[in-house]
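Please work from the sequences and hints to get the whole structure.
Going line by line, the protein sequences match chains Z and V.
Throughout the first sequence, residue numbering follows our numbering, covering 1 to 322 in sequence.
Throughout the second sequence, residue numbering follows our numbering, covering 1 to 322 in sequence.
One should not assume that every hint holds.
Identical chains share a label here; the pair holds if one copy fits it or two copies do between them.
Stated by the list, open to error - In silico DMTMM-like cross-links for lysine to aspartate or glutamate, where the CA-CA straight-line distance does not exceed 25 Å: (1) Lys-131 / Glu-16; (2) Lys-232 / Glu-38; (3) Lys-232 / Glu-97; (4) Lys-31 / Asp-46; (5) Lys-31 / Glu-54; (6) Lys-31 / Glu-47; (7) Lys-31 / Asp-287; (8) Lys-232 / Glu-63; (9) Lys-31 / Asp-50; (10) Lys-23 / Asp-50; (11) Lys-23 / Glu-192; (12) Lys-23 / Asp-320; (13) Lys-31 / Glu-192.
In short, the hints are calculated from the structure, not lab data.
Owing to the predicted nature of the structure, the values given are computational and were not obtained by experimental measurement.
Protein chains: 2
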Amino acid sequence: MRIVSLAEIQAAIAPEAAIDAVKAGFIAHAKGLVECPEPTQIVFRDEQGDHHGECHVKSATWEGLPYAAVKIASGSYRNAARGLPGAGGMIVLIASETGLPEAILHDECWLTNVRTAAAGALAAGLKPVSKDATLGVIGTGTQAEMQAEMICAHLGLGSVAVWGRNPTRAAALADRLRAGGLAATPMATVREVCHASAILVTTTPATSPVVHLEDVPETLHIVAVGADTPGKTELDSRILGRAHTIVTDAHQECLSNSDFGAAVRAGEIAEDCDASFGEMLALAEPDPRLARDGISVVDLTGMGVQDLAIAEMTLNALADSR
Amino acid sequence: MRIVSLAEIQAAIAPEAAIDAVKAGFIAHAKGLVECPEPTQIVFRDEQGDHHGECHVKSATWEGLPYAAVKIASGSYRNAARGLPGAGGMIVLIASETGLPEAILHDECWLTNVRTAAAGALAAGLKPVSKDATLGVIGTGTQAEMQAEMICAHLGLGSVAVWGRNPTRAAALADRLRAGGLAATPMATVREVCHASAILVTTTPATSPVVHLEDVPETLHIVAVGADTPGKTELDSRILGRAHTIVTDAHQECLSNSDFGAAVRAGEIAEDCDASFGEMLALAEPDPRLARDGISVVDLTGMGVQDLAIAEMTLNALADSR
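What follows is the structure in structure tokens.
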């Protein structure tokens with residue numbers, strides 16, 4: 001069994017290349033070629049019972065692919081204050097023919113971050129926007145930064161508006177994005193970011209809405225990435241109630257873990273109102289619903305097929321580079 | 001992150017020591033101190049759609065323990081014919097405080113085999129039998145051998161009767177057990193094994209019953225280990241219908257994956273007729289129901305807490321040996 005370090009993984013693939021792999025994974029899933037067993041979630045609590053971290057285990061098989069993947073991504077929100085990485089983990093690739101593990105990609109959660117940002121870029125790309133449009137980013141963590149970079153690179157955008165609960169962290173994120181060549185501006189309120197933006201990506205671990213209906217202009221395409229565990233939610237359910245189109249990556253998981261489910265439980269939307277992300281990505285032409293003015297929401301909770309797609313691409317890239 | 005090889009693991013712990021750790025795990029689970037998320041199962045199929053292997057992912061957290069565990073055990077039934085190990089895998093220990101992986105026990109499925117055999121020994125031990133009783137073993141694989149060794153060591157038994165679909169493999173298993181000091185005899189039929197035995201352990205991956213009601217004497221304590229995936233079953237449902245006591249390790253999983261569920265669906269038993277294995281192990285005195293003549297069945301599907309218990313014990317043993 002091969003054990004591949006983060007440095008080897010990062011040298012083998014460019015984040016941008018991940019977008020195609022992840023897209024192919026979602027499309028294969030929509031075509032029924034992929035099985036993603038229900039993800040496992042472990043919640044870490046302290047002695048007071050406070051939820052301070054999670055471990056997510058996701059897995060997938062893909063008809064005709066030589067590997068299945070089991071992905072572990074795990075961390076604590078308190079690690080940054082300890083000077084530790086926020087998250088760690090690995091993707092185990094298992095040969096479909098023998099059932100034996102062939103490789104551990106010890107990615108320390110990097111491939112999870114990349115495949116999540118790749119999905120965000122694909123979700124943002126469902127909305128036709130001009131290249132001078134601004135991307136709004138809610139959140140200031142690793143995923144906020146990677147989403148901003150990958151969405152802007154994928155859509156050719158150059159302008160980013162940032163908001164975070166902690167203004168210092170928001171300013172620091174804007175600084176880092178500027179260093180990467182983007183015109184990034186920290187803003188004082190969620191409302192300012194929303195009104196400045198054509199596309200908004202939300203990347204917080206919030207357990208109550210951060211973006212309210214009153215913050216949102218008449219037209220906004222929202223990619224909701226943060227909520228991935230029961231109890232997490234970033235968007236006021238009324239925003240989904242107002243949206244003309246709602247897209248989910250994984251219907252059942254979004255129902256239990258994410259803003260889509262919160263809005264269903266709030267009675268704002270019907271449980272069957274969502275379109276499939278994979279089916280939309282499979283379309284030869286962009287879905288005309290997304291070209292309309294008004295609010296659209298893509299709710300992403302993350303799927304094992306993303307992990308399998310990016311891990312397989314990584315292993316192939318490593319083999320090619322030998 | 002530490003990566004521990006199979007050789008290091010095997011040097012660190014004796015299989016017998018695992019019994020106490022696994023027992024403590026089941027008892028902690030029965031007391032509500034353990035959370036085991038629903039296990040994940042991946043089924044490997046060939047191009048004809050035939051099921052030739054599985055990957056099981058199990059996980060657990062235990063209140064007050066410094067680690068959570070995620071276990072991957074995976075393989076194909078066709079590996080032996082290819083000269084490959086039947087199964088592989090690893091247990092990842094994750095620090096509860098930081099959520100970061102601390103160690104990969106690359107056990108190649110050995111710890112899974114040991115903790116499964118440890119549970120079998122504990123299940124066999126629920127039945128008071130004399131030391132000259134015979135253990136019957138149905139199946140001839142790795143788990144058949146480990147169950148025979150651990151049950152006999154734990155209960156002080158010296159005599160084993162073996163049956164397998166393949167008589168050559170049954171004879172070879174009996175030879176190996178004899179080399180280990182047990183009086184082991186291969187027998188021609190399941191019925192002969194059952195009638196020679198006080199305790200029977202079944203360890204096959206069968207998808208239709210191997211042991212029929214007609215094979216079973218009036219008194220027999222059966223430990224059913226093989227069925228751990230929907231569609232697998234080893235015991236004629238009428239045996240469970242006839243049993244005065246049925247014990248399950250994990251009620252929900254046994255309902256979907258195992259002989260208990262098959263008998264419920266066959267209408268032979270009520271869904272709530274089972275006793276909890278962990279609660280029985282927690283009793284100061286043996287449960288008097290098991291002392292009765294007649295048929296009793298312990299249905300084991302395997303729990304993440306076993307993996308966590310044995311992995312934590314292993315890591316502690318490695319730390320002590322430094």
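**Prompt:** Among the hints numbered above, which are violated by the structure, and what are their numbers in rising order?
**Reply:** Of the numbered hints, 10, 11, 13 do not hold.
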